[in-house]
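Make the full structure from the sequences, and use the hints.
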Amino acid sequence: MSQQVRGVIAAAKNAEVSIETIVVPDPGPGEALVRVRACGVCHTDVHYRDGGINDEYPFLLGHEASGVVEAVGPDVTDVAPGDFVILNWRAVCGDCRACRRGRSQYCFNTHNATQKMTLVDGTELSPALGIGAFAEKTLVAAGQCTKVDPEASPAVAGLLGCGVMAGIGAAVNTGNVGRGDSVAVIGCGGVGSAAVAGSRLAGASRIIAIDVDRRKLDWAKQLGATHTVDAYGVDVVEAVRELTDGNGADVVIEAVGRPETYEQAFYARDLAGTVVLVGVPTPDMRLELPLLDVFARGGALKSSWYGDCLPSRDFPMLIDLYRQGRLDLDVFVSETIGLDDVEAAFTRMGRGEVLRSVVEL
5 MSQQVRGVIA
15 AAKNAEVSIE
25 TIVVPDPGPG
35 EALVRVRACG
45 VCHTDVHYRD
55 GGINDEYPFL
65 LGHEASGVVE
75 AVGPDVTDVA
85 PGDFVILNWR
95 AVCGDCRACR
105 RGRSQYCFNT
115 HNATQKMTLV
125 DGTELSPALG
135 IGAFAEKTLV
145 AAGQCTKVDP
155 EASPAVAGLL
165 GCGVMAGIGA
175 AVNTGNVGRG
185 DSVAVIGCGG
195 VGSAAVAGSR
205 LAGASRIIAI
215 DVDRRKLDWA
225 KQLGATHTVD
235 AYGVDVVEAV
245 RELTDGNGAD
255 VVIEAVGRPE
265 TYEQAFYARD
275 LAGTVVLVGV
285 PTPDMRLELP
295 LLDVFARGGA
305 LKSSWYGDCL
315 PSRDFPMLID
325 LYRQGRLDLD
335 VFVSETIGLD
345 DVEAAFTRMG
355 RGEVLRSVVE
365 L
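To convert, note that position 50 of the sequence shown is 54 in our numbering; the numbers rise steadily by one, no gaps.
These aren't lab readings, by the way, just hints derived from the structure by calculation.
Warning: the hint list may mix true and false statements.
Claimed, not checked - DSS-like cross-link-like pairs, simulated, lysine-lysine; straight-line CA separation at most 27 Å:
#1 120 to 17
#2 225 to 306
#3 120 to 151
As structure tokens, this is what we get:
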């Protein structure tokens, strides 16, 4: 029997969100019904609201979430009612060419729930990243549920579902940051600050945080930055070189997603160094680099999609590190709010006043 719950809806492009009654079906084959405990407020939700992803309105927003499995459909065996889970948007298929080669983190056929959640009048909803967790309950594919230690804070755990995992993974998985490496992170919002934390976790000896906002640089220092660069009116490339004995950083992580900052990242790395793009550009952006420079500098230019993570491997590991006191995830939770406060939280996020606002239910 379907259930009716409250959820945050983006009904039209650039319109403020509203709280509506959502109809959530019982889980069918391969699906799970999750009672949401907490959900982070992410820039991606703003992109959905403002039409930056697609125009499949209305959207049920929210995707950085943790919760408790309430029911599962037929043939679901990996999770069961009562399990505390982090929701992910990479439910791997196990059968595509990437999965068959043992590279499930690059699965080409990730999937979501088959059934649609709707408004009371039957209008089908598009859940953000196939999750839709600014709601009291949501319906997802069972593979989108990753079981973790139930003693972890729901507010903290949910953040691994998107931004924090993207940043940590950009450093650890994509950038392969190693002991003694120098790392520069351009853009120190939620994802960039997580990349700082991931670089520290990996044993980097020099971690340079770069931003135009002093608050973000202060957050980065709390998470392990050894040096900070206020990029306002400063030559970022020269600043990084000065802090790396004139060489540039071994790994530069671009967490802004703009051509200007990507070019800074390209030239701020050491010869044969690595650039990791984890900031999300818009479709209209174009990049121009001298091809000879790309050839002559060697190294690697990589993109990091979801931190190249495999949720079943990475989420439990990072929660364990958090529980052991080796990874400070509490820093990311700037405030906890209710469903009714999401629109105001978007404004605070846009002003750079928070790393993450987290809706608690």
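Hint-by-hint comparison with the structure:
The hinted pair formed by residue 120 and residue 17 meets the criterion: a straight-line CA distance of about 21 Å does not exceed 27 Å. The hinted pair formed by residue 225 and residue 306 meets the criterion: a straight-line CA distance of about 25 Å does not exceed 27 Å. Distance check on the hinted pair: residue 120 and residue 151 sit about 24 Å apart at the alpha-carbon level, within 27 Å; holds.
Violated hints: none; the structure is consistent with every hint.
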